[in-house]
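Student: Using the sequences and the hints, build the whole thing.
There are 2 protein chains.
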Amino acid sequence: MPKIVDHEERRNHIAKAVTQIIIRNGFDRVTMREIAAEAGCVHGTLTRYFPDKRSLLVAAFLQVFNESHARTLDCTEGVRGLEALRRMSQALLPFDDVGSENSRVVLSFWDRAAQDPELYDIHHDNIERRRALIRTLLLQAREDGEVDPDFDIEQGVDWVSVHNAGWQMMAVLLPESTNDEKLRASIDKMIAELRCAD
Amino acid sequence: MPKIVDHEERRNHIAKAVTQIIIRNGFDRVTMREIAAEAGCVHGTLTRYFPDKRSLLVAAFLQVFNESHARTLDCTEGVRGLEALRRMSQALLPFDDVGSENSRVVLSFWDRAAQDPELYDIHHDNIERRRALIRTLLLQAREDGEVDPDFDIEQGVDWVSVHNAGWQMMAVLLPESTNDEKLRASIDKMIAELRCAD
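Chains as they are written, first to last, in numbering that gives the first Met the number 0: chain A, 0 to 197; chain B, 0 to 197.
Please note that the accuracy of each hint is not assured.
[Said to hold, decoys possible] In the DSBU-like style, the derived pairs of lysine-lysine whose C-alpha atoms are separated by at most 35 Å in a straight line are:
| no. | chain 1 | residue 1 | chain 2 | residue 2 |
| --- | --- | --- | --- | --- |
| 1 | B | Lys52 | A | Lys15 |
| 2 | A | Lys52 | B | Lys15 |
| 3 | B | Lys181 | B | Lys15 |
| 4 | B | Lys52 | B | Lys15 |
| 5 | B | Lys181 | A | Lys181 |
| 6 | A | Lys188 | B | Lys181 |
| 7 | A | Lys52 | A | Lys15 |
| 8 | B | Lys52 | A | Lys52 |
| 9 | A | Lys181 | B | Lys188 |
| 10 | A | Lys188 | B | Lys188 |
| 11 | A | Lys15 | A | Lys181 |
[Claimed, not checked] So these bits of chain A aren't anywhere near chain B, every CB distance computed over 12 Å:
| no. | residue |
| --- | --- |
| 12 | Glu33 |
| 13 | Gly43 |
| 14 | Asp95 |
These are calculated hints, taken from the structure and not from any lab test. For glycine and all other residues, C-beta sits at the position ideal for the given N, C-alpha and C.
Tutor: Take a look at the structure:
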């Protein structure tokens, strides 16, 4: 009897293996051989799903972005405005060890996206999708009177994006200054400043 | 008569060639052959100064960091506190095309530093040196009564670091949202918020 294989699950499993290698060894060490070993499959299985290294990187990008987007949607469900923005920031900022591992992947993706038009577009779509969510939450905050009526929504979107991106870098390259307490204080400060912004 | 060569100048010239290639093609394309072509020297000359690609990357790191540090010292000379911090931010943020080219190098360096302990240390020294300057300027601002007497200096240092790092990423990966006007507005906002921070 032929084995029943869930192809979608297998693809996801392999894409996750790529991410694990990036966390452990960095992008340069991502080879087809390493991926096969990490995913626990033979080279032939690997290439049936992903013909080359690039297609694997695309899959890893999409998986990380989609998971992160799903997480932000989950954590903002049922809340709106600044409270939703606070929860979203908590989900995206590099809290604890898992967070700083993710930041390593994020930094690798940034550099890769800067060099490769297809990965740039995938990254760009993701960042725009996230910014659309931030925009929605800031508009709710304005509707609900949490921020001033003449609050500059686009500047607010930039501010939240910059805050999130900056901490990803800090988590990787200045880890001793990136602990949970500092991150919580920084989110509090950001929310407080949105609240009183002109 | 032997040609008189300024070795220090030659080393700097070659290190600059590395940076130019990173701007144009990304880190992966940095090969000894490309560098020799960019610097306009033969392979033998190149290896006399830099035995391998790693030593070249170290030189490029140091050169970019030292130049950027010299620039921040220049532009803050004779001013103190928040005004000096504003000028420093103007010097570091990715204004105009030159700024966004520099941001590409910065993003490549981040990923490389995350993967290589020696480059991590060089990057870390540089970021600490910059944070020491930010700290000095914030202490001056507190002395001069520009910020509240109980202003949290370390949180301020983080805030300015995060703001600077976040915009580097934006300049490369969301260039349509990173124009000079937005950057100026963001610096104004940051300074204004330091001024009224608790």
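Student: Take the hints in turn and mark each one as holding or not.
Tutor: Hint check results:
no. : hint                : result
1   : B/Lys52 - A/Lys15   : 31 Å, holds
2   : A/Lys52 - B/Lys15   : 31 Å, holds
3   : B/Lys181 - B/Lys15  : 29 Å, holds
4   : B/Lys52 - B/Lys15   : 14 Å, holds
5   : B/Lys181 - A/Lys181 : 27 Å, holds
6   : A/Lys188 - B/Lys181 : 21 Å, holds
7   : A/Lys52 - A/Lys15   : 14 Å, holds
8   : B/Lys52 - A/Lys52   : 24 Å, holds
9   : A/Lys181 - B/Lys188 : 21 Å, holds
10  : A/Lys188 - B/Lys188 : 14 Å, holds
11  : A/Lys15 - A/Lys181  : 29 Å, holds
12  : Glu33               : 14 Å, holds
13  : Gly43               : 28 Å, holds
14  : Asp95               : 18 Å, holds
Every hint, counting from the list given before, is met by this structure.
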